[in-house]
Amino acid sequence: MKLLAAAQTVGNPVANIAIFAVFVLITLFVVIRAGRKKSSAAEFFTGGRAFTGPQNGIAIAGDYLSAASFLGIAGAIAVYGYDGFLYSVGFLVAWLVALLLVAELLRNTGKFTMADVLSFRLKQRPVRLAAATSTMTVSLFYLLAQMAGAGGLVALLLDIKGRTGQSIVIAVVGVLMIVYVLIGGMRGTTWVQIIKAVLLISGAAIMTVMVLAKFGLDFSNILGSAQAAISGSANEAVANRDVLAPGAQYGGSTISKLNLLSLGLALVLGTAGLPHVLMRFYTVPTAKEARRSVVWAIALIGAFYLFTLALGYGAAAIVGPDRILAAAGGQNSAAPLLAFELGGVVLLGVISAVAFATILAVVAGLTITASTSFAHDVYASVLKSHDVTEDEQVRVSRITAVVLGIFAIGLGILANGQNIAFLVALAFAVAAAANLPTILFSLYWARFNTRGAL
Amino acid sequence: MSRTNLPERDALSSRHAQYVAVQHSTEFQDLRSRRRRFVFPMTAFFLVWYATYVLLGAFAHDFMAIKVLGNVNVGLLLGLGQFVTTFVITGLYVRFANKELDPRAEAIRSKLESEAS
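Heads up: the protein sequence lines correspond to chains A and B, in order. Counting in my numbering, the first sequence runs from 1 upward without gaps. Counting in my numbering, the second sequence runs from 1 upward without gaps.
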């Protein structure tokens, strides 16, 4: 019980909030500056297509490296070991699909949304409706996952345990997200992503260096200590795990093995179908820049997942599985706890502010994707049969963003406490099943038709 | 798009005809097949390699647990190998695209634009 109490009062809530507030102020400033540019539809939906490849690549990494991948994967590696690492391999390899098959061709065909690409080839109305529905479904699940994650994170960092308190925090996240999207549009949210990606990746890099230094730059040593810590766990199920080999999480029955296979498939094929990632390819001026941005994204994401590997095992070795599982956020608290062990209150504050910022940035990215899809595909093309000006589309999209934000706040409060990674996997599965095949077919297969798509 | 009036529509359809002509040109077909000849085998390769890895992860725990260097085992090396191949394929593709695709695409574009003006 003593351990439990120690874990829950980790860090100084005031310091955490202060660091986080600084981040919010800086990003708000950037967003407001970005939002001052004239707001044509292309400006609002794609940031005027004026981003360079590297900028967009960093933003993609920012969109992609959600709190679920930072906290969730580090936590999964800390507790389940190798099976957590399987996630990150899938998340990375998936980018080859985006690079080789999707990015450049998509840039050359698209306007604002995924449905634009599809309706080049297919009958407009049904396809747009379907594409918008799937965009919004995926975005919503993903949003939910992030919102639920915000609740858990806050529980740990600010020591807010009551549901009301957590709900208020979720509401604050939602309101901030709405503000970002309304003021900044795509340009503003892209800058938020860039800032956040830089913070997140450098934070992870610093922690990795500290972990490595602690074990004398010997990776094998970290692994050994991690296994020793796991084996020493008070919980017998945990202690029996071999965290260096696969099987701790998906080992048992054949069904759980099949689960792993289908998860692997969903991860690889889902990424290139995630609407908020797809939409990023429209913010660059040319196909060449789209390619460059994916290359940057792959490099950053790859490096990041290598860091999480060290962080996950490091957390197991230094913090230990029992304290991680006993902490308020469960598995998800592995990375913050590790930060506290390594760098005290300040590092914990920075890392948790970064994690929080991550959630904020990703929800903003999702919201703009979903609201663009609604305004452009459903409202303009289907309800009004194109009889709207682009200004009106922007207006509708803003309203959608607000409605969606409120909706997400409500659902996020309800979903508070759900497993983040599960919700994310669900979103990936929908994206893999619905979006990627239709996109690939319309890009590569000459005889693809409307009926097939639906 | 559907609100365009008639003259604009004529212009659109003449541009449309131009694009179709480009699509049938040997240069464009060449570009397309070059891209596909690189992209499809690469995709097949990394999907198979990744599938092998996941299958091993699911069904061959003992094999993955064989220690190679200190506590570093086969599973970890294979996982890191996935990272390496991803980076390598990315590099190869970028080199290929810069050398083979971009000049050809640029040639087609400038031809199209000089015809249009």
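Hints listed in this document are in silico derivations from the structure and should not be mistaken for laboratory results. Treat each hint with caution, since some may be false.
[To be verified] Using 25 Å as the maximum straight-line C-alpha spacing, the simulated BS3-like pairs for lysine-lysine come out as follows:
1) Lys-214/A / Lys-99/B
2) Lys-288/A / Lys-111/B
3) Lys-111/B / Lys-99/B
None of the values given here were measured: they were computed from a predicted structure.
Against which earlier hints does the structure fall short, listed by number upward? 1
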